[in-house]
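Number of protein chains: 2
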Amino acid sequence: MQNFNLHTPTDFVFGKEAELRIADMLKKYNAKKVFVHYGGGSVVKSGLLGRVEDKLTGAGIAYVKLGGAQPNPIDTLVYEGIKLCKAENVDFVLAVGGGSAIDSAKAIAVGSLYDGDFWEFFDGKPVERALPVATILTIPAAGSEASNSMVITKTGATPLKRGCNTSHIIPVFSLLNPELNYTLPPFQTACGVADMMAHVMERYFTTVKGVEISDRLCEAILLTAITEAPKAIKDPNNYTARANLTWAGTVAHNNSCGVGRIGDWSSHILEHELSALYDVAHGAGLAVMFPAWMKFVHEADLDLFAQFATRVWNIPPSSDKKALALSGITAMENFFSSIGLPINFAQLGAKKEDIPTLVKTLHINQGDSFGNFVKITMDDAQKIYELAV
Amino acid sequence: MQNFNLHTPTDFVFGKEAELRIADMLKKYNAKKVFVHYGGGSVVKSGLLGRVEDKLTGAGIAYVKLGGAQPNPIDTLVYEGIKLCKAENVDFVLAVGGGSAIDSAKAIAVGSLYDGDFWEFFDGKPVERALPVATILTIPAAGSEASNSMVITKTGATPLKRGCNTSHIIPVFSLLNPELNYTLPPFQTACGVADMMAHVMERYFTTVKGVEISDRLCEAILLTAITEAPKAIKDPNNYTARANLTWAGTVAHNNSCGVGRIGDWSSHILEHELSALYDVAHGAGLAVMFPAWMKFVHEADLDLFAQFATRVWNIPPSSDKKALALSGITAMENFFSSIGLPINFAQLGAKKEDIPTLVKTLHINQGDSFGNFVKITMDDAQKIYELAV
Chain Y
0 MQNFNLHTPT DFVFGKEAEL RIADMLKKYN AKKVFVHYGG GSVVKSGLLG RVEDKLTGAG
60 IAYVKLGGAQ PNPIDTLVYE GIKLCKAENV DFVLAVGGGS AIDSAKAIAV GSLYDGDFWE
120 FFDGKPVERA LPVATILTIP AAGSEASNSM VITKTGATPL KRGCNTSHII PVFSLLNPEL
180 NYTLPPFQTA CGVADMMAHV MERYFTTVKG VEISDRLCEA ILLTAITEAP KAIKDPNNYT
240 ARANLTWAGT VAHNNSCGVG RIGDWSSHIL EHELSALYDV AHGAGLAVMF PAWMKFVHEA
300 DLDLFAQFAT RVWNIPPSSD KKALALSGIT AMENFFSSIG LPINFAQLGA KKEDIPTLVK
360 TLHINQGDSF GNFVKITMDD AQKIYELAV
Chain S
0 MQNFNLHTPT DFVFGKEAEL RIADMLKKYN AKKVFVHYGG GSVVKSGLLG RVEDKLTGAG
60 IAYVKLGGAQ PNPIDTLVYE GIKLCKAENV DFVLAVGGGS AIDSAKAIAV GSLYDGDFWE
120 FFDGKPVERA LPVATILTIP AAGSEASNSM VITKTGATPL KRGCNTSHII PVFSLLNPEL
180 NYTLPPFQTA CGVADMMAHV MERYFTTVKG VEISDRLCEA ILLTAITEAP KAIKDPNNYT
240 ARANLTWAGT VAHNNSCGVG RIGDWSSHIL EHELSALYDV AHGAGLAVMF PAWMKFVHEA
300 DLDLFAQFAT RVWNIPPSSD KKALALSGIT AMENFFSSIG LPINFAQLGA KKEDIPTLVK
360 TLHINQGDSF GNFVKITMDD AQKIYELAV
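Top line first, the protein sequences correspond to chains Y and S. Going by numbering that gives the first Met the number 0, the final residue of the first sequence carries number 388, and the count climbs one at a time with no gaps. Going by numbering that gives the first Met the number 0, the final residue of the second sequence carries number 388, and the count climbs one at a time with no gaps.
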C-alpha cells in the first residue's frame, strides 16, 4: 500500500428534499453573494431553479445567476461566468445540475480569483485559491459534487478537452436529492452508471500490491452499480435504486475508494478525445473505451483481472486466469449493452477513419505517453482505438 | 434508504513515518499551545513520544503533556487534563495512542471549554464546543481517530461506562503510521479487529431496507478484516496487513459505511457493562457479546443474516435461511476463536452469577430498553448474557 493523504471535507445532505436546505447551508458557510450556475432547460423547467431562488430570496441571500452549462462544458461560458463573478463581487459559487454545470462552476470559482486566463491552470499552472463551491446535484455520474477535479473543453478548430485537479475546488457542501434524478432518461442514467464505474475501475487497475481494503471498497461500489442500474432504468421513479446510484457516484470519485493506490486514467484520457471530437456523452464514450483498454492491457496483471471477474462479475474461479480475465471483460460489455450503452465505435457513432485525428490531438494533450497501470504510447493508443471499432 | 448527513472532515496522513508530519499539520491548523495526551509506557518506551516532542520543540510549538490514559479511560484523568488545559491556556489537543488516549483527550477537549462538570455531557447535555482534537494513532481499533464519539468510565463503587457523540470532537487531522502497530501483541491486535468488525456490524444489522451501497461498503471492511487479521497476528511486522487493518478500522467508524442506515449498537451497550465490571478489553468483550446478541435476534431478519453468511463468510447460498443465518454466526465465532479471542463468559473471565449485577447497571445506564434492529428489554438482556455464558 502506498502512503496517502485523504481529505474529504464535503458536508453532505442526502435524501428527499435535500435541496430545500440550501439557504441554511449557505448561511452555515457564510455565503454573502452567490453565483448560481446551471445548465440547460431541465433545471428551469422542473422548477428546481425556482425553488432554490425562492429559498435564497426568502433568506435574504443575494445572488446572480448564469445558465447554459452544457455536456462537455466549454471555455467561453467559463469566461462569461468569471466576468460576472468579478463584476458582482461574488463570494460563493453554487452549481445546480450535473457534472457539466459543476465543472464549469469550479472553473469559474478558480478564474474569479485570478487576474490572468483561467486556461493556464489547464496548461499545468498550480491553482492557489478559488471561491468556495457548493452543489445541488441533479445527475449522479461525474462525481464532481465531491471531487477535486474539473474537465473543460477549449473550443476551436480542434477542440481540446482537459482536466485539472486541485483541493481548492472540492465542494464545501453538496445537497443530493435522488428524486431529482427521476426525470433522467434511461440512456443518460446508463451513461452516468458507466461514468461512475469508470471512476472506480481507473483506481482499481493499479500496479500497487497489498491494497485489500481499497480493492474491496472499489468492488462494493461496482457491485452496487451493477445491481441498481437496471432497476433505475426500468423504473425511473425507483427511489431506492436512484439513491444507491447517487451515493455510489459520489464515493466513486471522492477518492475514498482509491486510498493507497495509484490510479491509471488511460480510459478517461482516451475517451476525452472522443467526446471532444464528436460531442458524445462522456459515459457512453467510456463504455466503448474501457473494454478496449482492458483487452489491450489485461495480460499485465492476470491475477487482478481474474479477481475483477470473480468478485465483481461473479464468474466462477478457474486456473485459466487469461480466460477468466477475458470473461470478466465480456461480462462488463454485456452489462453495458444490457443497459443500452454503446460498446464500440459503430454504436457510438465514431468513425474508424478518424483514429489518426484522435491520436493527433491525444498527442497534443498528453505528450508521448500516459497511463500508470500500463504506459500507453501513441502507437498503443492507436491500437486501443482500433480494438474499440 | 434513510436521509442522512455525512461530514467526514478529518484530514488524514497515512503511511510510513506519518507521525513526523506532526509539526506541519499543527501549523496548518493554527495550533499555538498544544496539550499532548497519551497512555502508558509503550508510547514513551518506543520513542514515539520523544519523536513527537522533538518535532514540536524544533518547530517552536509550545506544549504541555499528560500521560496515564488507560484502557476504559476514567473520569479522574479527564478532570486532571481539563485542569491542566485551563491553567495553561491550551488551544489544541493532541492524542498520541489508541482509542483510550483519544477518547480521554476528546473528553478533555470538551471539558476545557466548559465551566461545569464534563460528566454532564455523558448524562445527555448537548456539547456546544470543544478544543480542536488531532491524533497520532498507535492502535487501530476504536476508530476514534475519525469518529464523533468517546466513551468514558465514571469511577466509583459501581463504575458507569458511557458514550457521548458530538461533531465537535471529530479529529481535525489524524496521522496514521501502520508501523506503529508492529509492537501490538497478537491478543491486542485481535481485540482491535473485533472492535472494528463490531463497529461495522452494529451498522450492518438494520431495519432499513434498500441500502445496497452501504451493505456492500460494510461487507468490504469485514472481508478485509477477515483476510488481513490472521496475517498481522502471524507476522506482527507485516506492513501490508497492518496498513489494511489500520484503514479498515478508520472507515469502520467514521460513518462512511453506515450511510442511509440506522445502526443498532446493542452489542456495544451489552459489552460496556462487561468491561466496566471486569476491566476486560473492549474488543474481547465484543467477541463474546456479538455472537450472543446475534443468536438472540437473527430471526428478526433471516434474509439479512443469510446475506451476511453468504457475502461475508462465503457460505454457499441455501433456501434454509435459518440454517444459513446460524452458519454465519458460527463462522464468525470460529474466526474470533482462530485469532485468539474469547467467545464466551468462561473464556473472557466473566461469571454467570454476575449477570444480575450487569443487568442492574445496564438498567441504570440505558433505561428500560435499547437497540434499534431489535428492541432489547432488560429481560432480553439477561437472556443474551446467558447465551454468552
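Among the clues, some could well be false.
Because identical chains cannot be distinguished in the list, a pair is counted as satisfied if it fits within a single copy or across any two copies.
[Stated by the list, open to error] Computed list of lysine-lysine pairs in DSSO-like fashion (alpha-carbon distance at most 30 angstroms, straight line):
{"no.": "1", "residue 1": "Lys-26", "residue 2": "Lys-124"}
{"no.": "2", "residue 1": "Lys-26", "residue 2": "Lys-320"}
{"no.": "3", "residue 1": "Lys-85", "residue 2": "Lys-153"}
{"no.": "4", "residue 1": "Lys-359", "residue 2": "Lys-26"}
{"no.": "5", "residue 1": "Lys-85", "residue 2": "Lys-27"}
{"no.": "6", "residue 1": "Lys-27", "residue 2": "Lys-350"}
{"no.": "7", "residue 1": "Lys-321", "residue 2": "Lys-294"}
{"no.": "8", "residue 1": "Lys-321", "residue 2": "Lys-32"}
Just so you know, the hints here were simulated from the structure itself, not pulled from any lab data.
Hint by hint, here is what the structure shows:
no.: 1; hint: Lys-26 with Lys-124; verdict: between (32 angstroms within a copy, 26 angstroms between copies)
no.: 2; hint: Lys-26 with Lys-320; verdict: neither (55 angstroms within a copy, 50 angstroms between copies)
no.: 3; hint: Lys-85 with Lys-153; verdict: within (21 angstroms within a copy, 57 angstroms between copies)
no.: 4; hint: Lys-359 with Lys-26; verdict: neither (48 angstroms within a copy, 47 angstroms between copies)
no.: 5; hint: Lys-85 with Lys-27; verdict: both (23 angstroms within a copy, 29 angstroms between copies)
no.: 6; hint: Lys-27 with Lys-350; verdict: neither (50 angstroms within a copy, 51 angstroms between copies)
no.: 7; hint: Lys-321 with Lys-294; verdict: within (11 angstroms within a copy, 43 angstroms between copies)
no.: 8; hint: Lys-321 with Lys-32; verdict: neither (57 angstroms within a copy, 59 angstroms between copies)
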